[in-house]
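Each step along the sequence shown adds one to the number in my numbering, with nothing skipped, and position 87 is 87.
List time: in silico SDA-like cross-link candidates among lysine to any residue, alpha-carbon distance up to 25 Å:
(1) K252 / A180
(2) K252 / E219
(3) K252 / G222
(4) K252 / D238
(5) K252 / D225
Derived Cβ-Cβ restraints for the label pairs, each shown as a range:
(6) R712 / A900: 43 to 49 Å
(7) E49 / G215: 44 to 50 Å
(8) E22 / R129: 31 to 37 Å
(9) E604 / A471: 22 to 28 Å
(10) N65 / Q659: 51 to 57 Å
(11) Q659 / D608: 34 to 40 Å
(12) A380 / Q43: 36 to 42 Å
(13) A380 / P198: 19 to 25 Å
(14) D279 / D238: 33 to 39 Å
(15) R568 / P198: 50 to 56 Å
Source of the hints: derived by calculation from the structure; they are not laboratory data.
All residues carry an ideal CB built from backbone N, CA and C; glycine is no exception.
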Amino acid sequence: MPRESVRFAVLGPVRVWRGETELDPGGPQERAFLALLLVRAGQPVAMDEIVDVLWGTRPPNSAVNVVRRHVGSLRRLLEPGLAPRAPGHWLTRDAGGYRLVTDGDCLDLLRFRALREAARRVTGESPARAVELLTEALSLWRGPVAAGLPERARAHPAFGATDRERLAAVREAADAALRAGTPDVILPQLQLAATDHPLDEPVQAGLILALAAAGRRPEALGAYDAVRLRLAEELGIDPGPELREAREAVLKPASADEVSTPAAPAPAAFTTPAQLPHDIPVFTGRDAELEEILGLCDGEEPSAGTVVISAIGGMAGVGKTTLAVHWAHRVADRFPDGQLYVNLRGFDPSGAVMEPGEAVRGFLDALGVPPDRVPHGVDAQAALYRSVLAGRRVLVVLDNARDSDHVRRLLPGSPGCLAIVTSRDELSGLVAAHTLTLRPFDPVQARAFLVRRLGAERVEAEPDAADEIGALCAGLPLALACVAARAAVHPRFPLAAVAAELREAHGSLDAFARSDASVDVGTVFSWSSREVSDQAARLFRLLALHPGPDFSLPAAAALAGLPVRRTRPLLAELTGLHLLTEHSPGRYAFHDLLRAHAAELVDEEHTDDERQAALHRLHHHYLHTAHTADRLLAPASDPLPPPPAPEGVRPEPLADDDQALAWLTAEHAVLLAVVDTAAAGGQERLACQLAWSLEPFFDRRGHWHDGLAVQRIALDAALRLGDPVLEARGLRGLGRIEGRLGLHEDAEPRLERALALFTELGDDTGRANTHRSLGWERDQQGDLPGALRHNQLALDLFRALGDRAAQASVLNSVGWYHALLGEYRQALTHCHEALAVLQELGDRYGQAATWDSIAYAHQHLGRHPHALLGYRNALALLRDLGVPYAEADILTRVGDTHRAMGDHDSARAAWQQALTLLRSLDHPDAERVEARLTGRAGEAGAC
Numbered sequence: 001m002p003r004e005s006v007r008f009a010v011l012g013p014v015r016v017w018r019g020e021t022e023l024d025p026g027g028p029q030e031r032a033f034l035a036l037l038l039v040r041a042g043q044p045v046a047m048d049e050i051v052d053v054l055w056g057t058r059p060p061n062s063a064v065n066v067v068r069r070h071v072g073s074l075r076r077l078l079e080p081g082l083a084p085r086a087p088g089h090w091l092t093r094d095a096g097g098y099r100l101v102t103d104g105d106c107l108d109l110l111r112f113r114a115l116r117e118a119a120r121r122v123t124g125e126s127p128a129r130a131v132e133l134l135t136e137a138l139s140l141w142r143g144p145v146a147a148g149l150p151e152r153a154r155a156h157p158a159f160g161a162t163d164r165e166r167l168a169a170v171r172e173a174a175d176a177a178l179r180a181g182t183p184d185v186i187l188p189q190l191q192l193a194a195t196d197h198p199l200d201e202p203v204q205a206g207l208i209l210a211l212a213a214a215g216r217r218p219e220a221l222g223a224y225d226a227v228r229l230r231l232a233e234e235l236g237i238d239p240g241p242e243l244r245e246a247r248e249a250v251l252k253p254a255s256a257d258e259v260s261t262p263a264a265p266a267p268a269a270f271t272t273p274a275q276l277p278h279d280i281p282v283f284t285g286r287d288a289e290l291e292e293i294l295g296l297c298d299g300e301e302p303s304a305g306t307v308v309i310s311a312i313g314g315m316a317g318v319g320k321t322t323l324a325v326h327w328a329h330r331v332a333d334r335f336p337d338g339q340l341y342v343n344l345r346g347f348d349p350s351g352a353v354m355e356p357g358e359a360v361r362g363f364l365d366a367l368g369v370p371p372d373r374v375p376h377g378v379d380a381q382a383a384l385y386r387s388v389l390a391g392r393r394v395l396v397v398l399d400n401a402r403d404s405d406h407v408r409r410l411l412p413g414s415p416g417c418l419a420i421v422t423s424r425d426e427l428s429g430l431v432a433a434h435t436l437t438l439r440p441f442d443p444v445q446a447r448a449f450l451v452r453r454l455g456a457e458r459v460e461a462e463p464d465a466a467d468e469i470g471a472l473c474a475g476l477p478l479a480l481a482c483v484a485a486r487a488a489v490h491p492r493f494p495l496a497a498v499a500a501e502l503r504e505a506h507g508s509l510d511a512f513a514r515s516d517a518s519v520d521v522g523t524v525f526s527w528s529s530r531e532v533s534d535q536a537a538r539l540f541r542l543l544a545l546h547p548g549p550d551f552s553l554p555a556a557a558a559l560a561g562l563p564v565r566r567t568r569p570l571l572a573e574l575t576g577l578h579l580l581t582e583h584s585p586g587r588y589a590f591h592d593l594l595r596a597h598a599a600e601l602v603d604e605e606h607t608d609d610e611r612q613a614a615l616h617r618l619h620h621h622y623l624h625t626a627h628t629a630d631r632l633l634a635p636a637s638d639p640l641p642p643p644p645a646p647e648g649v650r651p652e653p654l655a656d657d658d659q660a661l662a663w664l665t666a667e668h669a670v671l672l673a674v675v676d677t678a679a680a681g682g683q684e685r686l687a688c689q690l691a692w693s694l695e696p697f698f699d700r701r702g703h704w705h706d707g708l709a710v711q712r713i714a715l716d717a718a719l720r721l722g723d724p725v726l727e728a729r730g731l732r733g734l735g736r737i738e739g740r741l742g743l744h745e746d747a748e749p750r751l752e753r754a755l756a757l758f759t760e761l762g763d764d765t766g767r768a769n770t771h772r773s774l775g776w777e778r779d780q781q782g783d784l785p786g787a788l789r790h791n792q793l794a795l796d797l798f799r800a801l802g803d804r805a806a807q808a809s810v811l812n813s814v815g816w817y818h819a820l821l822g823e824y825r826q827a828l829t830h831c832h833e834a835l836a837v838l839q840e841l842g843d844r845y846g847q848a849a850t851w852d853s854i855a856y857a858h859q860h861l862g863r864h865p866h867a868l869l870g871y872r873n874a875l876a877l878l879r880d881l882g883v884p885y886a887e888a889d890i891l892t893r894v895g896d897t898h899r900a901m902g903d904h905d906s907a908r909a910a911w912q913q914a915l916t917l918l919r920s921l922d923h924p925d926a927e928r929v930e931a932r933l934t935g936r937a938g939e940a941g942a943c
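Please model the complete structure; the sequences and the hints are all you need to start from.
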């Protein structure tokens with residue numbers, strides 16, 4: 001007997017047919033089970049995931065047996081004649097879970113995806129056909145995916161991801177309809193999506209453009225005003241760049257039958273960040289608060305129309321960060337697009353508050369946005385950040401904010417996101433935020449805390465002493481943790497003795513005195529710090545001088561003037577008593593209360609000379625290590641050699657450019673702080689040298705905004721010193737970074753002034769390197785002969801100086817500009833000379849660039865096999881170094897070379913690889929490569 005056909009629908013309510021008969025899928029649990037199998041579309045679903053969808057975090061002991069009963073019921077529903085315990089055809093056991101056999105003919109979700117993929121393939125050559133396919137795909141939706149399920153089940157990430165596919169298809173259809181000149185076709189779907197997602201800026205921008213293109217300009221402007229007001233009222237933010245560009249397009253003068261529209265934005269780059277700090281395994285004492293905030297996420301659908309913002313306030317040391325991080329870990333699985341975390345240091349005793357611009361740039365970097373796509377100015381950066389998050393579910397933890405203004409630009413604008421903000425401020429300026437103020441532990445909570453840390457037997461044996469410890473700690477979790485750590489180290493000490501010691505101790509923490517604290521918690525910290533060895537106590541005090549958000553073991557050793565091997569056990573003492581935290585392997589940090597306490601102690605117990613000597617050692621540790629990294633990353637540069645390292649300073653050994661990049665990446669935020677504090681503390685020359693040592697790192701990684709900040713500090717410091725040598729270097733450093741950021745009107749005059757100073761000083765190395773920078777400026781402004789001229793002048797100077805590394809680097813630049821000017825044989829002469837020296841010196845980055853230049857020249861001479869060999873050599877080096885943009889650039893030229901040889905399959909393969917890389921970087925060159933793939937030769941540019 002032939003098997004009856006089966007059809008399923010999940011794009012809306014869950015439905016199932018056998019033949020022409022619609023079947024009843026059963027009750028809510030049976031429907032949720034079937035819906036999960038359907039959105040996985042033929043993939044196995046693990047038992048744990050099924051249990052999670054059906055019961056959440058509190059499944060019954062019988063959960064697995066109940067799932068098996070649902071499996072049997074579904075099999076019998078689909079195949080009525082199936083024998084008991086028979087495996088069946090449609091629902092099979094697979095990879096420890098269950099898989100529903102489906103294809104595009106029997107499941108609407110797979111049909112939707114097939115139509116969308118077909119639209120992608122034709123959108124370049126026929127946007128009208130793409131609109132037809134996408135319209136058909138969207139017509140399959142009859143509501144949200146798996147509509148009608150219990151809210152708890154619908155909150156599962158699998159359903160949210162499927163709903164976002166519909167939203168993405170609406171955007172794609174809108175773009176295609178605008179290009180095809182048929183905006184009316186997609187307007188109903190756009191209006192529905194805009195209603196369901198009132199704060200989704202790309203969708204709203206698409207609606208505005210479509211309304212205008214359909215001749216409904218007043219409605220388009222009204223839609224813009226409506227979303228602008230919603231963003232202001234619900235999120236306290238202004239419209240992002242896509243909305244502003246859409247409005248500007250509507251306002252532009254247009255012909256009677258068309259409206260000018262900006263090009264559809266490239267898809268935002270997106271990786272999945274996972275930045276949450278470690279959760280505390282012994283978390284306790286906040287049951288009521290946790291239940292309240294967990295309720296904010298219960299029942300939230302992935303496409304919910306609001307951003308959930310929760311502000312956790314309270315005094316210092318009350319456990320705001322601990323609660324926020326624990327909560328974030330509890331709900332992280334509901335945010336499949338990642339978790340972002342930043343410590344804004346709003347109340348850091350050192351004054352090193354993180355500005356919103358630095359924080360948003362860090363988020364953009366974590367989200368995979370290439371540095372060259374980050375705009376200048378914090379408002380534009382915040383708008384890009386919101387656009388990248390649009391349509392995604394991301395959890396954002398903004399820890400230790402100074403006030404509402406400190407976090408306003410960092411709040412996501414995407415429905416379905418959760419923002420958790422902690423602060424000592426009440427944050428009353430955050431519109432629509434759920435607020436929670438933490439109080440110190442009451443006696444019952446304080447005792448429960450000690451039970452969790454010390455064990456019930458010990459606490460119950462001395463309940464009065466335990467309660468006294470809680471009172472002496474003012475119920476503050478941080479203070480209780482310090483005392484519990486001390487008591488745990490000495491399990492034979494009676495708690496009464498611990499309480500007596502604490503009662504007799506004296507401390508001060510005036511900077512954090514609060515009227516609602518019944519005792520001075522500085523007493524606890526003073527008592528704890530006196531329980532460590534003299535050397536560890538000295539290190540604890542000196543660490544308060546460190547200007548960064550955290551520090552490494554070698555940096556702590558430099559500050560103390562001790563060898564690393566002697567410093568390691570001292571840090572272990574301090575972390576063991578919770579006076580420091582090791583928040584990631586090998587990196588340590590203070591709680592700000594403890595830093596304040598250490599700062600009081602270092603002022604009381606150390607002379608000004610001792611403090612300055614410690615800072616001098618620390619600054620030189622960073623300067624000497626950064627100088628080593630500079631020489632590894634840029635062997636052709638001309639850094640000023642640092643002065644001899646003071647006694648007790650041992651720079652970190654860096655063997656190669658990989659180790660240099662790893663060290664600079666780990667110390668990035670610290671190095672910014674050291675440049676600032678050194679310049680402010682009278683060490684201007686050291687600040688300048690450190691800033692200039694960071695240039696290759698900022699350039700290689702694209703951290704140009706941070707580079708701009710430190711170069712401004714360096715130039716100001718050089719001008720204060722009145723030293724023309726430092727002034728010339730400061731002008732050149734700032735001019736270079738301004739050029740990278742497109743500030744050419746500032747960069748070129750600054751570089752010209754630097755060149756004049758280097759000439760007056762007779763510094764030919766400085767002149768040569770400044771000519772190279774001016775050559776790059778000329779290139780960026782389209783003056784290739786001028787770029788070649790500056791590089792030739794640099795080459796002449798380097799040859800006279802006998803600097804082989806610099807000669808080799810600039811020889812390739814001269815060759816490259818000859819090639820761009822069509823002088824291919826001269827290009828090859830220079831580049832082959834450069835390659836021989838670069839290979840001898842082991843400069844892999846320089847070799848890759850030179851192989852690219854050689855291949856480019858061969859390509860345009862018609863020597864295609866030679867060109868392919870050169871490009872392959874360059875690609876091998878770049879892939880080893882991890883430079884994706886340069887790799888994509890060369891792959892594009894590889895494709896061009898294959899096309900010139902008539903090998904169109906190989907050409908398409910290379911271009912496709914390039915396109916994949918460029919899309920992952922969200923780079924505008926992706927459009928140029930896509931034009932090659934779709935045959936739009938006029939858009940592809942010259943080959």
